[in-house]
Amino acid sequence: MKWRKWNNILHRDLGYLCVGLTVIYVVSGVAVNHIADWNPSFDVDRREVAVAGVTPAELATPDGVHAVLVRVGLGPSYRTTFPTDSATLRIFLEDGVVDVNHETGIAAVEVVRPRPILRQANFLHLNHAKRLWTWLADLYAVALGLLAVTGLFVLKGKKGITGRGAWLTGAGIVLPLVVLWLYL
Amino acid sequence: MRIPHATAALAVLAVLGTACRPAQESSGTSYGEPLTLADTTQLAAVLENPDGYIGQKLLLAGTVVNVCEKRGCWLELGGELEHQTLRVKVDDGVIVFPMSARGRQAVVEGVMEKIDLTEEEAREQARAHAEEMGEAFDPASVTGPQTIYQLKGLGAVIAE
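Chains as they are written, first to last, in this note's numbering: chain L, 1 to 184; chain S, 1 to 160.
Don't read these hints as lab results, they were simulated from the structure.
Each statement offered as a hint is correct.
For lysine-lysine, the following DSSO-like pairs were computed, each having C-alpha atoms within a straight-line distance of at most 30 Å:
#1 Lys-57(S) / Lys-130(L)
#2 Lys-70(S) / Lys-130(L)
#3 Lys-130(L) / Lys-152(S)
In this text, all values refer to a predicted model and were calculated from it rather than measured experimentally.
So that you can see chain S by itself, here it is in the shape it has in the complex (with noise of 0.2 Å):
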């Protein structure tokens, strides 16, 4: 039996379409590496005492407050306390979190970091992240060096 050209060419493109779309768990969407921990630990407990964590590997669990807008190399995961957000890095490129991921639950694995930043480094920073969302920059609102906790994304699963 014969194959129409473009009956077989329709059957490449939709097995290349099933091939490349993100990995769907019945969870959610997958980004990055696989979720290696089994155990959350608490957002609050990192954030009051972060300094207790730094290189350790931890899986965060929280809502998406905020994406990265350019290149979604960054999320912001706020945990269960009001007002408390911490940024999750990836590499540019590796992992690209969507924008249509704000609002959604998110599973976060990854190592915590802290940087420290000049006070020169800090100001360009804070420009250029006030850049990245549109918003007015002051630079007087950095008054010296700081230092950022952070956690380094390795991968996870955002909800549908």
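Extracted from the complex, chain L is given alone in its bound form (with noise of 0.2 Å):
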């Protein structure tokens, strides 16, 4: 049959178009389900270091707050800083924080490394690029429904739609019914 071939062509080359974008949103898929668990676009790298004996008017200083940075074992540049409470300097680095007590003598040192890979698929999946990207993750989104839909009648006989293919289609459509009969 003449539509079939169409249909057939039409799923092998959205599935060619398609399938980069959909392995990038499989990896961000699976990261971004267990967000509570992670941070799945950034490394935080958190520890305390002891900087007993550091005082308020060292702080108060570029070359005081180098030194705290030094001993921390961290380079010496920073961008700015700011008193969060009357103890506390936050020492801001271009990739993290150090929070220096100088009551405790305690500096809560957190440095962020973006993951790689996931980061930008991240970036694309949860669309933070906005602007055209939208508009392409639509097209996108279209193109997979398409891609579903010309799946579903690739093959005829007792593999396709009528046969193996209607056990299978039905149990993917129940699937998320049982799921939302349990939870919602």
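From these two lone chains plus the hints, build me the complex, please.
See below:
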């Protein structure tokens, strides 16, 4: 049948077109599914370092801040500082922050590094790019829909939508309905 | 003249890449809606009398002291006075502030709002915040209902 030929051509070519973004969305989808357990885009390394004897006067000068940063094992350069409370000075670095508490003598170091691949995948998947990407992602969604529908009719006969395909398609529809029935 | 497929594909990717980049202005990177107000309000004045600004659209400037780590859905803006910050909350996913904004100067426009929390709500919010920041949470630290003042952020420009 002629319509099936065009159906299969559409399914094949959309499949080629969508495979790259689908893999990206798969990776990001799993990563952000577990956002309660981890930060899917950034690796946040926290540690505490003793900086006994550091004084408010020392923290009030750039040289003093440089010295504290060297003591906690970080480079001397920093962006700026901000006193977050009467005992704590937050030092902003290019890739993190250091909270120095002169009362406890503890520096809480937080270094943030983007997770390679995941950061970029999440950027696209969660549409942080906005602008044109919003429309491209919409087109991708439509293409996925077409891919799904055309996929139903690729084969005919016992392995097509009138046979085995009907059962598997039905299972795929029933599964989310069961979850909704259980949880909603 | 025939353009090789690879060249055409690269050209398309370059155009897409440019179109998808956050808007760069001479003063920094823009997030959300364009800023409409010309005059900034002193953050210290807002924090001194927050009730007087409820419902008002404000333009605030200051240092980005903190950013929501997981979703980029809020930032804390530090003003002219030490220890004083105001949370700028944006709708999840609509604006995403990057963690690299910490320590940068920002100008933020939004509407001042007041949220009254029951003790239970306040405890849950403190727990979620502590978890997000990787800090220990002591339920006893919340001893009663709380009132939160924050700016519902609409747009921002963060300096590079």
